[in-house]
Every structure is written in structure tokens, then in C-alpha cells.
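Asker: These are the residues of each chain, in order.
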Amino acid sequence: MAANENVLIMDHVSYKYSPGTAYEVTALDDVSLTIKEGEFIGIIGHTGSGKSTLVQHLNGLMKATEGHVYFNGQDIYDKDYNMKNLRTQVGMVFQYPEHQLFETTVFEDVKFGPKNQGLSEEDQIKRAYEALELVKLPEEFFLASPFELSGGQKRRAAIAGVIAMKPSVLILDEPTAGLDPKGRDDVLSLISEMHEKRGDTVILVSHSMEDVANYVDRIIVMDTGKPVYDGTPSQVFANYKELEQMGLAAPAVTYVMNDLKDAGLDVATTATTVFEARDEILRMLNK
Amino acid sequence: MLRDITIGQYYPADSVLHSLDPRVKLFATLVFIITLFGANNIFLFAFVLVTLIGIIKLSHVPFSFMVRGLRAIVVLLVIAGLFNMFLTPGRELVRFGFLKITDVGLKNAVLMTSRMVLLIIGTSVMTLTTTPNQLTDGLEKSFGFLKKVGVSVHEIALMMSIALRFIPILVEETDKIMKAQMARGADFESGNIFQKAKNMVPLLVPLFVSAFRRANDLSYAMEARCYNGGEGRTKMRPLKYSSLDQRAYICIFTYIILFYAVKFVM
Ligand SMILES: Nc1ncnc2c1ncn2[C@@H]1O[C@H](COP(=O)(O)OP(=O)(O)O)[C@@H](O)[C@H]1O
Ligand SMILES: [Mg+2]
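Quick mapping for you: the protein sequence lines, in order, are chains A and B.
Using my numbering, you'd call the opening residue of the first sequence number 1 and step up by one each time.
Using my numbering, you'd call the opening residue of the second sequence number 1 and step up by one each time.
For the record, the hints were derived by calculation from the structure and aren't laboratory data.
Some clues are possibly wrong.
[Claimed, not checked] Derived lysine-lysine pairs resembling DSBU-like cross-links, with alpha carbons at most 35 Å apart:
1. B/Lys141 with A/Lys79
2. A/Lys136 with B/Lys179
3. A/Lys84 with B/Lys176
4. A/Lys16 with B/Lys196
5. A/Lys166 with B/Lys198
6. B/Lys141 with B/Lys240
7. A/Lys79 with B/Lys196
8. B/Lys176 with A/Lys182
9. A/Lys79 with B/Lys179
10. B/Lys196 with A/Lys63
11. A/Lys126 with B/Lys179
12. A/Lys197 with B/Lys148
13. A/Lys36 with B/Lys179
14. A/Lys226 with A/Lys261
[What the hints assert, rightly or not] To give a feel for the contact side, a few chain B residues facing chain A, derived at Cβ under 10 Å:
15. Ser64
16. Ile177
17. Gln181
18. Met182
19. Gly185
[Stated by the list, open to error] Which chain A residues face chain B? A few, computed with CB under 10 Å, are given here:
20. Phe94
21. Pro138
22. Ile171
Note that the Cβ used here is the ideal one computed from N, Cα and C, for glycine as well.
All chains, please: the whole structure from these sequences, using the hints.
Answerer: Dropping the structure here:
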């Protein structure tokens with residue numbers, strides 16, 4: 001497959017919850033986006049900005065009130081479109097995915113997706129094993145009941161349940177919600193490692209800039225149902241003042257670098273991670 | 001499909017009905033049900049119907065929202081209607097093989113189905129215009145006299161309001177888990193009845209787990225705030241009748257008198 005091909009396209013998509021009642025909410029407002037193959041994208045916005053609604057359109061779990069969604073060039077709202085196939089191609093890890101665990105053992109639970117894909121028993125086992133290895137769940141838990149695991153382990157098991165289907169696009173909705181800092185870093189580096197190893201398209205939804213900045217190569221900022229910024233982390237964080245007004249904060253290093261610059265030092269303010277910031281400051285000092 | 005479950009749901013709006021005391025609405029609903037089933041001819045029925053339409057207009061709740069609750073039981077209504085139509089003895093009107101429609105059967109079917117529809121719409125008007133909290137307060141107050149004979153009115157009312165409050169939460173939860181399993185290729189639609197039942201396992205297990213977790217959390221939260229039953233508990237907003245409620249009672253009694261006057265004259 002040619003690199004940088006458009007995998008997913010959203011064309012003027014709008015979505016309203018409970019249209020025509022007092023509860024009507026416009027969750028998506030005329031959104032157009034293209035997602036290229038192999039991209040690692042972060043979708044950021046504060047709670048209620050429409051992130052979850054947006055990503056659920058990408059695998060057909062929600063149907064747009066207006067507009068179209070294309071996967072590999074095909075309109076997913078066509079009458080004879082194979083939705084089940086789409087859902088295994090565009091894997092979706094929901095917020096608090098551990099709430100979906102139901103089988104008697106972790107291994108059986110991870111097999112659920114491959115089983116629904118109609119794979120042979122042998123392949124199901126192979127897929128489940130690979131997926132659990134990939135999320136680095138220790139082997140002694142494979143045959144434990146999913147309800148006996150710790151929070152972080154449950155989350156890994158649930159993520160494995162989705163990647164066992166080998167989707168070509170992986171969407172994760174706030175995969176770090178409710179985890180402690182260590183668990184958060186573990187899950188994020190896991191995702192980024194998987195992206196590097198398998199070269200899949202990954203979409204990471206988060207409300208924390210800090211989470212996303214260190215990993216992704218493109219950020220889409222959502223505000224009241226619309227994408228307001230779309231670009232590389234440093235392009236997006238250049239608007240840190242506007243982001244603040246939306247209730248989002250740029251990573252701490254953005255502030256540090258801007259403060260240094262305002263203090264008259266000759267530094268570029270494009271650093272988005274601590275390491276880049278360090279290099280930039282060293283470069284300035286060595287000059 | 002799940003959004004059709006509107007039992008006990010509240011619809012925020014600014015209307016006379018919304019600002020009435022819950023006890024008035026409970027009483028009115030009771031009167032409505034009694035007269036609905038007491039209406040044995042077309043005039044009385046029309047009288048009840050017109051009153052209900054007037055009340056719906058007053059409630060400022062969109063009509064589509066009220067009939068939504070009906071969609072969930074449409075199958076039940078149709079079956080009950082058909083049974084009534086075909087299995088009631090009487091003068092034969094039409095015959096299909098061994099099935100026959102009789103005049104009494106047809107009348108019963110129409111009457112029963114419309115009564116059920118009106119009953120559901122009528123009671124939804126009450127729940128749509130009353131918050132679960134108000135409803136509980138109203139019930140607790142109205143049935144308070146039962147405390148004297150040892151019925152735990154407060155506990156029952158509290159359980160009811162928690163149940164009502166949990167309906168939308170569980171509906172939302174079901175929706176979420178369903179989507180999560182569909183994202184893993186689960187299929188909740190096709191297959192025969194046994195396969196369908198089996199396919200429900202990935203939905204039901206997480207749903208029960210989450211319901212118990214929520215119930216557990218709620219009990220801790222209540223205990224942390226020193227909840228220990230209704231004894232000696234005071235209310236922040238005790239129920240108090242206003243002049244609006246008095247006028248409403250007058251309307252209700254006028255309705256009762258009119259209804260029975262017509263019923264005796266006919
Ligand atoms: N099931 C629902 N019913 C009605 N409104 C909803 C529902 N889910 C979300 N919304 C509303 O849609 C908007 C976007 O929600 P969501 O996509 O969940 O945002 P985010 O994931 O960014 O927090 C919010 O205003 C939210 O209140
Ligand atoms: Mg969300």
C-alpha cells in the first residue's frame with residue numbers, strides 16, 4: 001500500500017443527539033477531516049467537546065445526521081456496505097474498556113473479537129496470545145478471571161481484546177482515564193510502541209495535552225463540536241493562549257520556552273517535549 | 001431502540017404542570033385511571049380523551065416524546081388486541097377458517113387497546129413533568145398514613161426513586177457496552193432466539209457487574225453522608241400547597257363530578 005494514502009475521510013459530518021427535543025445537543029458541527037495511513041493522531045478537547053462522538057463515526061457505531069464517512073475510498077453509509085468488516089478494520093478501544101470484559105478468563109475474553117471474525121480456533125488462540133504479549137500482560141494472568149486483575153491490568157487485557165482483531169486503524173478513547181501516573185505512562189508508551197512496531201494508523205483521544213504531545217505527530221483540537229486546530233504539536237501549541245481560553249493547557253515546556261523568549265533569550269518556542277526543550281536551551285547556551 | 005425506554009423519565013420544560021405539587025399530580029393520575037376504566041360508552045371515552053389532550057397541551061412536552069414510550073410495547077398491544085378480537089364470543093362478523101371476528105370481540109379489542117394507550121400516555125404525562133425526587137416526596141407524603149400500620153413508606157419511596165434514577169444510567173450503560181462489544185464484532189441482531197439469547201451474554205455480564213458496582217458505590221456514598229433511614233430526617237424543600245395547587249384540585253373535582261353526572265344521565 002502506498003504510504004500517506006487517505007484511509008478515513010469525514011466529509012461535512014454533523015451529529016445531533018435527541019434531535020427535536022429539549023435535550024437536543026449538536027455534538028458535531030460540520031466536521032471535515034482526512035486521516036492518512038500510518039499517521040499517529042491525537043484528538044484533544046475538553047470534556048463534552050465531541051471527541052467521543054467524532055471517533056465513533058469512524059467505525060460506523062454512530063451514523064451522522066448529515067454528511068458522509070469514507071473508509072478506503074468507500075462510503076460506509078452505502079446500503080450494502082459491510083459494517084461488521086469495517087468494525088474489525090477500524091478497532092475501537094472505548095473509555096474504561098475494562099467495563100466490557102465478560103468472559104471467564106482473560107484469554108477467552110481476548111479471543112472474543114477474533115472469534116467474531118470467524119477465524120479458526122487455532123488462529124484465535126494465536127491472535128489472543130500475540131495481543132496479550134503485545135500489551136505486556138504477564139503470562140500468569142492469561143487464565144485468571146478478568147475481574148481479579150488490577151485496574152491497569154484490566155485495561156491492558158481490554159486493549160488486547162481489540163488489537164487481537166488486527167485492525168488497520170486503532171482508535172483509543174481516553175485510554176489513560178482513571179489510571180495512576182505510572183499506569184498512564186505505561187499505556188501511552190505501549191500504544192506508541194505498537195504504532196512503531198506495526199505501522200498502524202493510531203488515533204488517540206485525550207483531554208490532556210501533556211499525554212499526547214510526547215507521542216503523536218499530528219494534533220486535532222476539538223472545541224464545541226468543531227476541529228479548531230489541526231497540525232503538528234508545535235504548530236498547535238503555538239496557539240497556547242487561545243488553547244487556554246478553551247480550557248486546555250499547552251504542555252508546561254511551551255510555557256517555559258515562551259517565558260524564556262519573553263525574557264529576551266534567543267530560543268525557538270517550538271519544543272513540545274522536555275527533551276526537545278533541553279536540546280534547544282543547550283543549543284542557545286552553547287552559541 | 002434503547003432510547004425508546006422512557007418509563008419514569010423527566011422532561012424539563014416550563015409549564016403549569018411542571019410547577020404543580022406532586023401530590024396533586026398523583027391524585028389526578030389516579031382519578032384519570034379510574035375514569036378511564038369507568039368510561040363504558042363513547043361519550044365518556046371522548047370526554048376522558050379530550051381532557052387528556054388538554055393536559056398534554058398544558059404540559060409543553062412534545063407529543064412525540066410521549067408516544068415514544070408506546071413503541072416499546074406496541075407488540076404487546078397488538079397481541080392483546082388480536083386475542084380480544086378473535087377469541088371473544090358474540091355475533092359473528094367475518095370468518096377466516098376457524099377464526100372469527102365477533103361484534104363484541106371487535107368492540108373489546110378497540111376499547112382495550114385504546115385504554116392501554118391512554119393509560120400509558122396519561123401516566124407518562126405525570127412522570128415527564130415530575131422529577132423523580134418530587135415524585136418520591138409526593139408518594140411518601142401521600143402514603144404516609146401507612147406508616148402507622150408498619151409499612152416502611154420512606155424506604156419504599158426511596159427505592160422507587162433510586163430505581164427511576166437508575167433507568168437512564170443503565171440505558172446509557174447498556175448502549176455503551178453494546179457499542180464496545182459491537183466494536184469487537186458482536187452481533188445482537190441476527191440468529192434464532194437461542195443464538196440471540198447466547199449473544200446477550202457479552203452484554204449482560206458487564207451490565208450486571210456495573211449495576212452492582214454502582215449500587216455498592218451509592219450505598220457507600222449514602223453512608224458517608226450519614227444516611228440512616230427516614231426517621232427524624234427533615235427536608236430542604238418540604239412540600240407545600242400553593243394557590244395553583246388549590247385551583248388544580250378544584251379542576252380535578254369538577255372533572256369527577258362532570259364525569260359521573262354524564263355517566264348517570266346516559
Ligand atoms: N448519549 C448522549 N445523549 C445525549 N447527549 C450526549 C450523549 N453523549 C454525549 N452527548 C453530548 O454530546 C456532546 C459531546 O459529547 P462527547 O462526544 O462525549 O464529548 P467528549 O468525548 O469530548 O467528552 C456533549 O455536549 C455531551 O453532553
Ligand atoms: Mg469522551
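Asker: Give me the numbers of the hints this structure contradicts, sorted from smallest to largest.
Answerer: 1, 12 and 21
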